[in-house]
Every structure is written in structure tokens, then in C-alpha cells.
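S.K.: Residue strings, one per chain:
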Amino acid sequence: MNKNIYELLGLVVALSFILALKGLSAPKTARRGNLIGAAGATLATVVVFFAPLGEGKSHHNTILILAAIAIGVLVGVPAARKIQMTQMPQLVALFNGVGGGAAALVATAEYLNLGTGASTAEVVATVFTVIVGCTSFSGSVITFLKLQELMTTRPVVFPGGRFVIAATLAGVLGTGGWTISSGANTPLLVMGGLALLFGVLFVLPVGGADVPIVISLLNAFTGLTVAASGYVLQSTLLIVAGTLVGASGTILTRKMAEAMGRSLFGTLFGAFTAKPQVATGEQEARSVKSGSPDDVAILLNYAQRVVIVPGFGLAVAQAQHTVRELADMLAAKGIDVAYGIHPVAGRMPGHMNVLLAEANVPYEQLVEMDEVNPTFPQTDVVLVVGANDVVNPAAKTTPGCPIYGMPILDVSEAGNVIFLKRSMRPGFAGIENELLYDAKTTLLFGDAKDSLTKVVNALKAL
Amino acid sequence: MNKNIYELLGLVVALSFILALKGLSAPKTARRGNLIGAAGATLATVVVFFAPLGEGKSHHNTILILAAIAIGVLVGVPAARKIQMTQMPQLVALFNGVGGGAAALVATAEYLNLGTGASTAEVVATVFTVIVGCTSFSGSVITFLKLQELMTTRPVVFPGGRFVIAATLAGVLGTGGWTISSGANTPLLVMGGLALLFGVLFVLPVGGADVPIVISLLNAFTGLTVAASGYVLQSTLLIVAGTLVGASGTILTRKMAEAMGRSLFGTLFGAFTAKPQVATGEQEARSVKSGSPDDVAILLNYAQRVVIVPGFGLAVAQAQHTVRELADMLAAKGIDVAYGIHPVAGRMPGHMNVLLAEANVPYEQLVEMDEVNPTFPQTDVVLVVGANDVVNPAAKTTPGCPIYGMPILDVSEAGNVIFLKRSMRPGFAGIENELLYDAKTTLLFGDAKDSLTKVVNALKAL
Amino acid sequence: MTSMAILTIFALSIFVGFEVVSKVSTTLHTPLMSGANAIHGIILVGAIMVADSATNTLETTLAILAVLLATINMVGGFVVTDRMLEMFKGKPKAAKANKDAEASK
Amino acid sequence: MTSMAILTIFALSIFVGFEVVSKVSTTLHTPLMSGANAIHGIILVGAIMVADSATNTLETTLAILAVLLATINMVGGFVVTDRMLEMFKGKPKAAKANKDAEASK
Ligand SMILES: NC(=O)c1ccc[n+]([C@@H]2O[C@H](COP(=O)([O-])OP(=O)(O)OC[C@H]3O[C@@H](n4cnc5c(N)ncnc54)[C@H](OP(=O)(O)O)[C@@H]3O)[C@@H](O)[C@H]2O)c1
Ligand SMILES: NC(=O)c1ccc[n+]([C@@H]2O[C@H](COP(=O)([O-])OP(=O)(O)OC[C@H]3O[C@@H](n4cnc5c(N)ncnc54)[C@H](OP(=O)(O)O)[C@@H]3O)[C@@H](O)[C@H]2O)c1
Numbered sequence: 008m009n010k011n012i013y014e015l016l017g018l019v020v021a022l023s024f025i026l027a028l029k030g031l032s033a034p035k036t037a038r039r040g041n042l043i044g045a046a047g048a049t050l051a052t053v054v055v056f057f058a059p060l061g062e063g064k065s066h067h068n069t070i071l072i073l074a075a076i077a078i079g080v081l082v083g084v085p086a087a088r089k090i091q092m093t094q095m096p097q098l099v100a101l102f103n104g105v106g107g108g109a110a111a112l113v114a115t116a117e118y119l120n121l122g123t124g125a126s127t128a129e130v131v132a133t134v135f136t137v138i139v140g141c142t143s144f145s146g147s148v149i150t151f152l153k154l155q156e157l158m159t160t161r162p163v164v165f166p167g168g169r170f171v172i173a174a175t176l177a178g179v180l181g182t183g184g185w186t187i188s189s190g191a192n193t194p195l196l197v198m199g200g201l202a203l204l205f206g207v208l209f210v211l212p213v214g215g216a217d218v219p220i221v222i223s224l225l226n227a228f229t230g231l232t233v234a235a236s237g238y239v240l241q242s243t244l245l246i247v248a249g250t251l252v253g254a255s256g257t258i259l260t261r262k263m264a265e266a267m268g269r270s271l272f273g274t275l276f277g278a279f280t281a282k283p284q285v286a287t288g289e290q291e292a293r294s295v296k297s298g299s300p301d302d303v304a305i306l307l308n309y310a311q312r313v314v315i316v317p318g319f320g321l322a323v324a325q326a327q328h329t330v331r332e333l334a335d336m337l338a339a340k341g342i343d344v345a346y347g348i349h350p351v352a353g354r355m356p357g358h359m360n361v362l363l364a365e366a367n368v369p370y371e372q373l374v375e376m377d378e379v380n381p382t383f384p385q386t387d388v389v390l391v392v393g394a395n396d397v398v399n400p401a402a403k404t405t406p407g408c409p410i411y412g413m414p415i416l417d418v419s420e421a422g423n424v425i426f427l428k429r430s431m432r433p434g435f436a437g438i439e440n441e442l443l444y445d446a447k448t449t450l451l452f453g454d455a456k457d458s459l460t461k462v463v464n465a466l467k468a469l
Numbered sequence: 008m009n010k011n012i013y014e015l016l017g018l019v020v021a022l023s024f025i026l027a028l029k030g031l032s033a034p035k036t037a038r039r040g041n042l043i044g045a046a047g048a049t050l051a052t053v054v055v056f057f058a059p060l061g062e063g064k065s066h067h068n069t070i071l072i073l074a075a076i077a078i079g080v081l082v083g084v085p086a087a088r089k090i091q092m093t094q095m096p097q098l099v100a101l102f103n104g105v106g107g108g109a110a111a112l113v114a115t116a117e118y119l120n121l122g123t124g125a126s127t128a129e130v131v132a133t134v135f136t137v138i139v140g141c142t143s144f145s146g147s148v149i150t151f152l153k154l155q156e157l158m159t160t161r162p163v164v165f166p167g168g169r170f171v172i173a174a175t176l177a178g179v180l181g182t183g184g185w186t187i188s189s190g191a192n193t194p195l196l197v198m199g200g201l202a203l204l205f206g207v208l209f210v211l212p213v214g215g216a217d218v219p220i221v222i223s224l225l226n227a228f229t230g231l232t233v234a235a236s237g238y239v240l241q242s243t244l245l246i247v248a249g250t251l252v253g254a255s256g257t258i259l260t261r262k263m264a265e266a267m268g269r270s271l272f273g274t275l276f277g278a279f280t281a282k283p284q285v286a287t288g289e290q291e292a293r294s295v296k297s298g299s300p301d302d303v304a305i306l307l308n309y310a311q312r313v314v315i316v317p318g319f320g321l322a323v324a325q326a327q328h329t330v331r332e333l334a335d336m337l338a339a340k341g342i343d344v345a346y347g348i349h350p351v352a353g354r355m356p357g358h359m360n361v362l363l364a365e366a367n368v369p370y371e372q373l374v375e376m377d378e379v380n381p382t383f384p385q386t387d388v389v390l391v392v393g394a395n396d397v398v399n400p401a402a403k404t405t406p407g408c409p410i411y412g413m414p415i416l417d418v419s420e421a422g423n424v425i426f427l428k429r430s431m432r433p434g435f436a437g438i439e440n441e442l443l444y445d446a447k448t449t450l451l452f453g454d455a456k457d458s459l460t461k462v463v464n465a466l467k468a469l
Numbered sequence: 199m200t201s202m203a204i205l206t207i208f209a210l211s212i213f214v215g216f217e218v219v220s221k222v223s224t225t226l227h228t229p230l231m232s233g234a235n236a237i238h239g240i241i242l243v244g245a246i247m248v249a250d251s252a253t254n255t256l257e258t259t260l261a262i263l264a265v266l267l268a269t270i271n272m273v274g275g276f277v278v279t280d281r282m283l284e285m286f287k288g289k290p291k292a293a294k295a296n297k298d299a300e301a302s303k
Numbered sequence: 199m200t201s202m203a204i205l206t207i208f209a210l211s212i213f214v215g216f217e218v219v220s221k222v223s224t225t226l227h228t229p230l231m232s233g234a235n236a237i238h239g240i241i242l243v244g245a246i247m248v249a250d251s252a253t254n255t256l257e258t259t260l261a262i263l264a265v266l267l268a269t270i271n272m273v274g275g276f277v278v279t280d281r282m283l284e285m286f287k288g289k290p291k292a293a294k295a296n297k298d299a300e301a302s303k
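Chains as they are written, first to last, in this note's numbering: chain A, 8 to 469; chain B, 8 to 469; chain C, 199 to 303; chain D, 199 to 303.
No lab work stands behind these hints: they were computed from the structure.
We put the beta carbon where it would ideally sit given N, CA and C, even for glycine.
Incorrect hints may appear among the rest.
For each label pair, taking beta carbons as the anchor points, the in silico distance ranges come out as [to be verified]:
#1 452/B with 256/D: 54 to 62 Å
#2 35/A with 35/B: 26 to 34 Å
#3 407/B with 201/C: 55 to 63 Å
#4 10/A with 81/B: 50 to 58 Å
#5 365/A with 35/B: 53 to 61 Å
#6 188/B with 189/A: 52 to 60 Å
#7 158/B with 8/A: 52 to 60 Å
#8 62/B with 220/C: 45 to 53 Å
#9 35/B with 338/A: 41 to 49 Å
Chain A on its own, in the form it takes in the complex (with noise of 0.2 Å):
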């Protein structure tokens, strides 16, 4: 392919990552700008087989090249096809990482090709790629694991954990230093390696409630790789696409740290400054009030205004259809009805409005936080469904705890709480909710939608 087409293309690649960037930032075009931005990758992957190369090269392991993407193909597809609601987070998580590990993996090999060719610059870029690109994949695994819940989701600081993740960045850097002046082997895979356990060692103090922040960071930080891999590989449209991505990213994760009320600098340097965790809650078997389907069903029966607060226990048990059926009815005996819709209720910002929406819940139904809240003095019942840390007056009242600082809905200012949940356990935040042991709270165990279905047949039984 001519050398000025094939400029070109990436060039038209590239605008088509900006119109898929600015499609995505409003929602009438975000469905769009995604196939826009899927469109130009595709044809970048095309065009780039048929990249003019310098005088005497030739195409190299083209079979081994379409047999992998084809296996990646195969394997991103149906993880993104098949994968539930609730587990998307974890999923936008892993394919991060995966592509910050890619990043490395090409500095790396780019690294070793140019041997002794490369220039200082190009190295530099190379030892930054690595290392952020390692921090990123196994920071990413590690948010990954906590969201999975395959490991405790509370921050987990050990003693002198600090000084632990001082020393290894400072190796990281070390290492760094000693690649580019001496433009060896060695140490840069030192360094990759130092730079894994540094991205783990910087995710595991991150509390929950951080977590999607996290993901944002990397995220930012992977463009970054990109952009730099661009700049060894010669590449405008690397340069381009990864600076757009870690600059849209960077803004991206200032706003949900706002939106969430958490501070940015304090979750970016958890990993220095948390300190092992005070226990919170005394852990003796404390006495809580425990209701029947049909104490429950008597209770909203003689309400007037109920306000139902949906949580990821909700996205979980697939309630939302019996939560609406039960709302319809309580609308039907002239019950005053809402949902209060807490920001980050649930494991994505919009998770809950994007449920209750598909449960065909009227849009005027759904109360964001900042206009409930003023309402819960009038309101007579606040139905819990599955929702836990976004009710929990901890983040009012306990400075330490991991979700210190977040706006919650202030349930307990209402006449009765009830909580649909299975257990005593905690929610994502790990961390005990005094309200379950208030005198107004009544508990109805088991999974949400079963117990919701009992609820509605006590009502119509009433």
C-alpha cells in the first residue's frame, strides 16, 4: 500500500476515535460513537496488514497473527456477550488490564528488536511502558478479583504495608534508571516484575467504594502506555488514540470521583497513608428485630408514602420486575410510592436507573438522591431491597471507614426501615450498618425476590 494512503487511513482512524469519544459523552449518540470507534479499529487492523514496510523487509508470522486475533476473538466475543448485568464492572476491569499487559508485552518485543539500535527517547518510552503497563494489568486483576469477589473487597492494609509499596516503587524506578543506561535485558524484565507487584500492591489498600475509580486510573494510565508505544513504533495513530484515551480518562475519573463524593488524591495514595483497619462494629451477637412476609405486608399496608431503595442485592436476586409489581399495588391503594436511587447503588454508576428501566419502572418514579433525601421525615416506610452501603450512617459517622465521606440516603430519618437481605453479612464496603440494629429497622431474611413474592401474596391476602 502507498506510503501517503496508509498515513492517511490512520489518520482517518484516529478522527474516528474523537468522534467516538464525543459520541459516547452524550446519550443520544453513545450508542453511535461506540460502532464509529469499533468501525475504526477495524479498519486500522485491516489497513495494518498491508502496511508498507522498508526496503528489503517482508510480512513476518502473518498465519500466527490472524490465528490469534481469531482466538481472541473467540474469547472476548462471548465474555462480553454472555457475561451478567452484574458483573460488568469486573469485566471492563480485565479487558483493561489486558490490554496494559499488551502494551508491555509490544514495548518489550520492540525493545528486543531494536537491540542496540534504540535511542535513549525510545527507551525511556519503553521503560515507561513496561512499568505502567505491568501496574496496570495486575492492578487490574487484583480489581478484578475484589469485584469478583473472589477476595475480600475491604481494603487490605498490612502492618508497614507502606513502606513494603515505597521500596518496591522505588526498585521499580531503580530499575528503570539502571534500563536506560545500560540498555540491557536484565534489568528490564526486573523491572517488569517489580512493576506487577508494585500494581498489586497498589490496589489491594484501595477500599471498595474506590474500586470503579481505580479502573478509571488505569484505564487513563493504559492510553498512556499506548501513546508511548506509538512513539517507538513511529505510529501517529497510537500517539493519538492513546494520548485521547488517557486524557479523556483522567477527567473521566476526576468526575466519578465527584460524582461518588470521594476524594481523588486520597484514593490514588491510599496505598501510602491507610492505616490497618480499626474493627468496626464489636462482632458480639447483637439483637435485632426480625419480621414475618405479613408483618411487613402490615406495615406498608398502613403507610402513605413508602420509598423503596434498590441496591445491588436487587440487580442480583433479578427483582426488579417483582419490586415494581409490589410498588403497582401499593400505587393502587393510593400509597405514595418512589424509588430512591443512590449514585453508586449497585456495581457501576446507572446501574440501578438502567434495571429499574428495563423493568419498565416510569421514569418519574425514580428519585435521585438529592431529592429523596429531604423527603424521608414524611415518609412513613423505607423498603431495603439488596442496597446496604449506600444506607449505612457509618459514612457519616465513622471517619476511617472505607466509605467515610459518601453522601448516603438518609433512610433512618423515616418511620420504619425494612431490610430485604439474606444474612447479617456486610455489603461490598465490608463494613457493619448500626442501622440493622436500630430500634425501627425490621429484617425480612432470604433472597430478595422471594421474599418480595411473599410480600405481595401477604398484601393481596390482607
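Chains B, C and D with the ligands: place on chain A using the hints.
M.R.: Below, chains B, C and D with the ligands without anything else, positioned relative to chain A:
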């Protein structure tokens, strides 16, 4: 100066222009944005004197250049300082025109300098710059003359005009092609002359209301010529800065046209589509109802709601303080007083808001067009102070007139309309205002400030 | 390409990246992150370039592994983003219904 | 600089220019136009470069005239924009007063 540093400083200046434009688009940061841009431009001007030159080249004409800059400052700064607010738009037009002229001159000089050494792409860029620069120059001069009212503000259309324009354009393009194919000097000169003529012909048919849109458009075009010069001179700074202005200017032009309810297409191709104007109004002496200051004072005194519509004449008469005095007196009598602000009242967008804010009119009394229009049926008296086009019903009733389609303030819905103006002369767009002859209209002739003072005195005497 | 050109392109891309997402609404945070994530899967192009010129087994292995990972990132990323946005499509309708309801009040 | 680099820079600058002003409010149309107008006065740099390398009288004359015009454009543009914005500064205060007034209602 080291070449890398030189180029780096150029990039810094380019980025400062981005920040400047970004700052200028938000009220809080606008002034700082402008200062950032000025600082960047100053830096660039200083640095270019230390530009690294090719082997065996030396700096020429430094004294002459410095002298020219000094004269430019001595002309530009006082003009910008001393100009009255009412005349600012034409000054901006003029500044834009000289910029376009400068770009055309730069391109011509470089063309002569390169001689036969110029590549085709460079000649094409030169031709583009000279054509657009010359068009922008002469076009801006015509808008200046129109706004300064040194010539008629009505669309100037002569029979067969569109053919003359099309022929001129064809001539411009023809000589352009000739220049590119021959690389000679004469065709460039002829082309420049024809482009100057084209600029004049292009702007003549534009009606008064569309003048700000045309200024904005020429401004965007001048930006593009700067980018093209940057290509010829191999200056990244000029390319970036020029393109920025070209792109943002295009968006701005579209937004301005939208805000004024004008079709951009109609404005642009007005030259080709405009027909010789239908004489509006029969010019026969029709009777109008004129009143004394006492009549006006009585009307106002017994009103319950008064809307004041300020226009360009208020700015000319500097009557904003007197108008405020009157409004305060009426308010003290318990009369409901508001100012109805049309978006293009005055001679630049936002003109009235500024003038009234200067007179400390409380912000809540300023009501935008869309909000004030529904209130006219409940309004007893509308006091039109030096406004005309913005209340002219011809915008709704007379297709083909220069302001047709512009949204207006529907003052005819109110009980009484009082016009304060000096004569029966029409407003900026040069069209008769039927409302002046309406039965519910009273005219109080004289300078707006004098008339208002008299009305205030009459009110006191009541 | 000169390093000055690269620097300029880099700086301009940063601005574009900043500006283009600066108006995103909270509900779109997740899809936007996921879409951006898919875009950096374009490292696939880099992986193919490296694999294409790899001459020994080590380089080839690393590069082919990179192709595999990058493909997963890119393809999976775009598909999962599309799935998320598919679920969102119900909302604007609901919002409209809401408006209509208000209008008819 | 390669023509590819120039094209890329050009395309990115267009996006930046579009995005950066896409949120401008109506009241700022005039100052923004005037500020953008001042920015293209940077052609002064081009004029100086040409004058600097001009060798015969014709070129010198044209270039020096260009320097003069460009200076007027640039300096005058920034000064007049500043003057406009100076007048605007009263407004936010007024708006604030308005808000306070409303709050105290
Ligand atoms: N939205 C986001 O962007 C995002 C992203 C990542 C993390 N997060 C974090 O996720 C948390 C969200 O808070 P949340 O209140 O929605 O959820 P949560 O705090 O994780 O609480 C979920 C509750 O649902 C219950 N549950 C689980 N499965 C259930 C089932 N089948 N039936 C009934 N109950 C069930 C659990 O208790 P049992 O086990 O006792 O049943 C648990 O108490 C916050 O910490 C937030 O920071 C949010
Ligand atoms: N705002 C913008 O962005 C902008 C920019 C360019 C053009 N324009 C155009 O300008 C026009 C603005 O409309 P407008 O209604 O504000 O103004 P206008 O239509 O130009 O009318 C101004 C009126 O004020 C009167 N007047 C002038 N000096 C006066 C004085 N000293 N005392 C009393 N009256 C005086 C004039 O009548 P006498 O001569 O009889 O006194 C004239 O009828 C529109 O056509 C608009 O499209 C607006």
C-alpha cells in the same frame, strides 16, 4: 536561539491561544483568557526576532520592522481605547480586515521571495491566502462603512448584480488557476485585485441585521489564511493558531446566526440570491400621533405595568442613567417596571445588558425577549427608547424585507406604545416601521436623554 | 516525523481528549470508560506491527501474545460497551414519556 | 515536518477549535469574536519572518506594510477585547445580588 527552544516556545504560544479561546467562552474566565492570549502573542513577537536562521543567512530590516510595530501600536492602542462602545463592532471589523490584508501581503512577499523555488502546494496555499485575505480585507472595509453609517445599511442590490458577482468569482478562480500553473507574478496581482472587488460585491447585498454574522465569518476566513501562511512559512504556530480561529470562528458564526434567528446559508449566499429590494412603505406622508412630555408622563402615571424597550438610540444618547431615574420613580409609585431586552438590540450582542448594568439597573428588572413577550398583553405602556428594528412587525409580516424572520418584541400587544426618537427615520436595517403609524402609538420626538429628562420633570410636577 | 511535530500532536490530543468528554453526564460514566478502554485496544495495531517484523522466537512469542491480549481488549471492549448502551436505550423514551405526562398535567 | 504531521496537526486543531468554544454563552459572542480576531493577528510573526529575509525593495515594502497591519490587528484586538470584558465585569455581581435577593425571599 537554539532551534528546539525556539520551536518549543512556539508550541507554548499555540497552547496559550487554546487557553485564551477556552477562557473567552465563559464569563468568569473571559478577561483572564484574553490576557493569556495577549501574553502568548507578545512572547511570540519577541521570540521571532531571535529565530534561528539557516546557514549563511542573517536578520534583515530589524529597524524597519521595529518601527512598523511601533507605529502599529501607536495606531491600534488609542483606537481601541478611545472608541465609543457604540462603535466597537466596526472597529472589530476593521481590525479583522487589516489582519486579512496582512496575511495576503505576507503570502505575496513570500511568493516573490521563493520565486521559482516554490512547490505547487506552496503556490496553492499562497493563492488561497491572497484570495481570502483580499476578500476579507475589502469585505471588512465595507462592513465598517455600513456600521459607521458612512454608507447605507440597507442591502445594496443592483439589477443583474448576481451575474457580476458570479463573473468576478469566476475571474478570481481563473486567475488563481493561472497563477498555480504559471507560477508568474502578474496573474497573482490580477487575482488579488479581483478578490478585493469580490469582497466588496459579497458584502454589499448583506442587510444591516446580518452584518455581525458577516464580520464573524470573515474573521474565521482570515484565521484560515493565517494557517495557510503558516504552511508556506513552515510555522507550526501559525498553522495551529490560524486553524483554531478558523474552526472556532465557524462555530461562532453559526451560533450567532442561530441567536439572531437568521439562516447562515441565506446570509452567505445573499449575494447570489438577493433581489432588488421591494420599496417598503409608500413614502407618502402619513399622519402620526405625536405627544408632549406631559402626555407621556400622564400615560405612565396611570399605568399598572410598564415595559421599557431600550435600543441603539439609548446608547447613542447615553440615556441609560436617565432611563433608570424614570424607572425608579415609576417603581416608587408602585408601578411594575421591567426592561425588555432583545438579543440584537444595539450594535453588538449583549450591548444593552452591558449599558444597563453600567447604570446599575438591578439585574432582575432585565427580562430577555422570550420571557417578556408573553407579558405584553398585560402591559399598559411600552416605552421604546431609541429602538426600532427590534420592535418592527415587518419582521413577521413582510417576507423579503432584510429583517424578515428575526424574532421581535411584540410590543403592539400592549395597551399603549410610546416611541422616543428624533425623527421618522428608520432604524439600522433601513425599513419603515408600520408601528409608528399605529393608533395606539404616541411619538415623542427628540434626543432620548432630553426627552426622558422632560418626562421625569413632568412626572414630578404631577 | 520530527519530535516537535510529535509533541504538538501530543499536546493537541490532550486538549481534544479533555474537551470532548468534559460534558459527559453521570449515567454515561461507565459506558464512556468502557468505550475508552476499547479504544486503547488499538495497541493491537502496534502488536501486529511488532509481530510482523519479529525475527526470533522470543520476540515472536511476546508479540503474538500481545496480539491475543490486545484483540480481547479491543473486541470485547466494543461489544460490552454496545451491550451496556443497549440497556440505556430504554431511558430516553421513559424520559420523554415523563415529559409528555408533565405536559398533559 | 512531514505533510502527514501537518495534516494531523491541522485536523486536531480543528477539533480543539470546535470544542473549545462550543459552550459559549450568547453574551460573550462579541468578545469571543474580537479575541479570536486578535489571535489571528499572530500573522505578525509571519510578517516579521518574511521581512526578516526580504532582500529587495518590493518584498521589503510589502512585508513591512504587513507588519504594520498585523500589529494593528493584534494589539488593537486584544485591547478592545479587554475593554469590552471590563464592562461585563459588573454583571456577575448583579447576578449574584439577584440570587441573594431571591434567597432572602
Ligand atoms: N455503582 C458503582 O459505580 C459502584 C461500583 C463499584 C463498587 N460500588 C460499591 O458498591 C456498593 C453499592 O452499595 P449497595 O448498597 O448497592 O450494595 P451493597 O452495599 O454491596 O449491599 C448489597 C446488599 O445486598 C444483599 N444481597 C446480596 N444478594 C442478595 C439477594 N440475592 N437477595 C437479597 N439481598 C441480597 C447483601 O446482603 P446479604 O449478603 O446479607 O444478602 C448486601 O447487604 C457501594 O459500596 C459502592 O461504593 C459501586
Ligand atoms: N446587537 C447586535 O449584535 C447587532 C449588530 C449589528 C447590527 N445590529 C442591528 O441593529 C439593529 C438594532 O435594533 P435597534 O432597535 O436596537 O436599533 P435601530 O433599529 O437601529 O433603531 C435605533 C433607533 O434609535 C433612534 N435614535 C438614534 N439616536 C437617537 C438619540 N440620540 N435619541 C433618540 N433616539 C435615537 C433612531 O431613530 P432616529 O434617527 O429617528 O432618532 C432609530 O430609530 C437591528 O437591525 C440589528 O439587527 C445588531
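S.K.: Tell me the hint numbers this structure goes against, listed in increasing order.
M.R.: 5
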